[in-house]
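Undergrad: Generate the whole structure from the sequences, applying the supplied hints.
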Amino acid sequence: MDVTSLTAKQIVKLVLTGSLSPVDVVETYLDRAKKLNPKINAFITIAEEHARRSAEELEKRLKKGFPGKLIGVPIAVKDVISTKGIETTCASKILKGYVPPYDATVIRRLKAEGAIIIGKTNMDEFAMGSSTELSAYGPTRNPWNLERVVGGSSGGSGAAVAARMAPIALGSDTGGSIRCPASFCNIVGLKPTYGTVSRYGLISYACSLEQIGPMTVDVNDCALLMEVITGKDCFDSTMIDYKFKWTPREVKGLRMAVPKEFFGEGTDERVANRVWDIIKLLESHGAIYEEISFPLARYVLACYYIIAMSEASSNLARYDGVRYGPPCDLSLPWYDSYSKIRGEGFGIEVKRRIILGCFALSAGYYGRYYLKALKLRTMIRNHVLSILKSFDVIVTPTTPFPPFKIGERVEDPLALYMADVDTVVANLAGVPAISVPAGFIDGLPVGAQFMANHCCEDLLLTVAKCIQDETNFHTKVSKEVRL
Amino acid sequence: MGDSREAIITPETLEYLSELARLRLTESEKKIILRDLNRILEYFSIIDEVEVADVEPAFHVLNVSNVMREDEVGGDSLTQGETLANAGHKEEGYIKAPRMV
Chain A
7 MDVTSLTAKQ IVKLVLTGSL SPVDVVETYL DRAKKLNPKI NAFITIAEEH ARRSAEELEK
67 RLKKGFPGKL IGVPIAVKDV ISTKGIETTC ASKILKGYVP PYDATVIRRL KAEGAIIIGK
127 TNMDEFAMGS STELSAYGPT RNPWNLERVV GGSSGGSGAA VAARMAPIAL GSDTGGSIRC
187 PASFCNIVGL KPTYGTVSRY GLISYACSLE QIGPMTVDVN DCALLMEVIT GKDCFDSTMI
247 DYKFKWTPRE VKGLRMAVPK EFFGEGTDER VANRVWDIIK LLESHGAIYE EISFPLARYV
307 LACYYIIAMS EASSNLARYD GVRYGPPCDL SLPWYDSYSK IRGEGFGIEV KRRIILGCFA
367 LSAGYYGRYY LKALKLRTMI RNHVLSILKS FDVIVTPTTP FPPFKIGERV EDPLALYMAD
427 VDTVVANLAG VPAISVPAGF IDGLPVGAQF MANHCCEDLL LTVAKCIQDE TNFHTKVSKE
487 VRL
Chain B
5 MGDSREAIIT PETLEYLSEL ARLRLTESEK KIILRDLNRI LEYFSIIDEV EVADVEPAFH
65 VLNVSNVMRE DEVGGDSLTQ GETLANAGHK EEGYIKAPRM V
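Keeping their order, the protein sequence lines are chains A and B. Each number in this note's numbering comes from the position in the first sequence (counting from 1) with 6 added on. Each number in this note's numbering comes from the position in the second sequence (counting from 1) with 4 added on.
The set of hints was computed from the structure by calculation and includes no laboratory data. Glycine included, each C-beta is placed from N, C-alpha and C at the ideal position. Warning: the hint list may mix true and false statements.
[As the list claims (entries may be wrong)] Facing chain B, according to a computed beta carbon distance under 8 angstroms, are these residues of chain A, among others: (1) PRO107; (2) TYR200; (3) SER214; (4) THR244; (5) ILE246; (6) ILE312; (7) SER319; (8) TYR341; (9) TYR344; (10) LYS346; (11) ARG358; (12) ALA421.
TA: Written as structure tokens, this is what we have:
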């Protein structure tokens, strides 16, 4: 049996019936991860020792009759999520060597259900980027084409799942960071409704926008992971009362809004065509669609980046080399000591965003940039919600173009920001959004994105399941990762 | 509205911002950041087109506010040793920071 071709659900079933042991599952995945990582660079840390020890403990737990929803399932975790005893770097030099003394709430929940952390995945430094090129540990390579980017910022998680180095992964999504790599890797990625997954232990970049979410091969696994990670947590005061529940149903009668601005100028026609194929597929199953207008589309990227950078400048003030990270120089006055350690520890994109955020919040410019962006955010959210009064879902491409070449955009921040133009709307409005494999362009994966109203993740999964059953794109694995 | 502007960030502004952010920049970084920031701000000026006078700013996207809990210690706390484990400089159970005055 090829364990790495199983879904998480199948692994759990086989472990529970005794046909598969957690130790065997972990060894198989560790072996594959170690062989493929030099080629893909999906993991910053492969948590070999931790994974082995956890698998052995699970064997004992199984004997005592304590199963779990994810028993024996290895999971790759983005290196922005705190894992007790496992180095957590955010792909930054300024957190090199940092070993969190506690688990994020999502990690605690995963462990309680028997999941095994197999490693920490590569990302853009502090989740600031759309290609996983901006990592202090070098770029992650796309398993579908090693010369191409994997998307970002949760690119390592995307690549790990696409290369079957882990059956499931966690990413985080501030403006598309789960969905973009999901799209570029031919997997499913879901950004949940804001406030449904605890951010406790998620290293902050832009608190009002980001959520942790699942990245999986299979839609059913996406739902399984949602069951485990959602639910209120007293350590995150921005949460809402919500318990995830999904009963698959037909898409017949589903109303889809197709905003034409997201298919026009700036969008690769081939990508638009793949997404239209998906819309037609759903239509053939009884869903109905209507083209609509989204006049605020031209402002979403500016609105998003002003807010994200402003929050970043405040959130990243904590890195001063005093409590964690490379130790600061005690012989210097505090100002010079902090400036030096931050100057040496942060990469260029992080510096750009901190400086620009400081500017947008500074006296004289606050009203023109930050406050204005917050007001625009209200307008964008209200517009999205008004569309979702008449429609169940909004369909767009996940990204306006297929995976681009490593190095092609990284020197030009605005060109890189354009990768987020379809995804930031969901973060600004706080609504859930999913990227589903929509096929290939010259061997490169592209995704279709669906947004729904707050707490309507079940609708997104229903749509995703229909697409998965009818296309089987998800079963395709790149020949680059055949061993 | 939306007219093209002079570079908003001058070398002096950048100096001031990097002081505000406690962020030392090398000369080559200053050059890159100065160029990029003005380009990005020029792009951001697109929002000048929108009239937002009567709109409330969105601080929480779902309008959740004042979430309170009972004033009790929740869950397990970290030990002093765990809390200080990642600090580079410490002495007798305290973290040592650079000189403030």
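Undergrad: Double-check TYR341 (chain A) for me: the hint is only fine if its C-beta lies closer than 8 angstroms to a C-beta in chain B.
TA: The hint holds - TYR341 (chain A) has a Cβ within 8 angstroms of chain B, the shortest such distance being about 7 angstroms.
Undergrad: Could you check if SER319 (chain A) really has its C-beta closer than 8 angstroms to a C-beta on chain B?
TA: Because about 6 angstroms separates SER319 (chain A) from the closest Cβ in chain B, which is inside the 8 angstroms limit, the hint holds.
Undergrad: Under the criterion of a CB-CB separation shorter than 8 angstroms, is SER214 (chain A) in contact with chain B as hinted?
TA: This hint holds: SER214 (chain A) lies near chain B, its Cβ roughly 7 angstroms from the closest one there, short of 8 angstroms.
Undergrad: Does the interface hint hold: is ALA421 (chain A) within less than 8 angstroms of chain B, judged Cβ to Cβ?
TA: Result: violated, 11 angstroms to nearest chain B Cβ.
Undergrad: Could you check if ARG358 (chain A) really has its C-beta closer than 8 angstroms to a C-beta on chain B?
TA: holds (6 angstroms)
Undergrad: With 8 angstroms as the cut and Cβ atoms as the points, is LYS346 (chain A) at the interface with chain B?
TA: This interface hint holds because 6 angstroms falls under the 8 angstroms limit.
Undergrad: For the restraint on THR244 (chain A), tell me whether the closest CB of chain B is nearer than 8 angstroms.
TA: Check passed: Cβ of THR244 (chain A) comes within 6 angstroms of chain B, closer than 8 angstroms.
Undergrad: Classify the hint on TYR200 (chain A) as holds or violated, based on whether any CB of chain B lies nearer than 8 angstroms to its CB.
TA: holds (5 angstroms)
Undergrad: Would the hint on ILE246 (chain A) be counted as holding, given a Cβ-Cβ threshold of 8 angstroms to chain B?
TA: holds (6 angstroms)
Undergrad: Once the shortest beta carbon distance from ILE312 (chain A) to chain B is found, is it less than 8 angstroms?
TA: holds (6 angstroms)
Undergrad: So, PRO107 (chain A) near chain B? Judge it on the closest CB pair being under 8 angstroms.
TA: Nearest chain B Cβ about 4 angstroms off; hint holds.
Undergrad: Was the hint right that TYR344 (chain A) lines chain B, CB cutoff 8 angstroms?
TA: holds (4 angstroms)
Of the hints listed earlier, the one the structure fails to meet is number 12.
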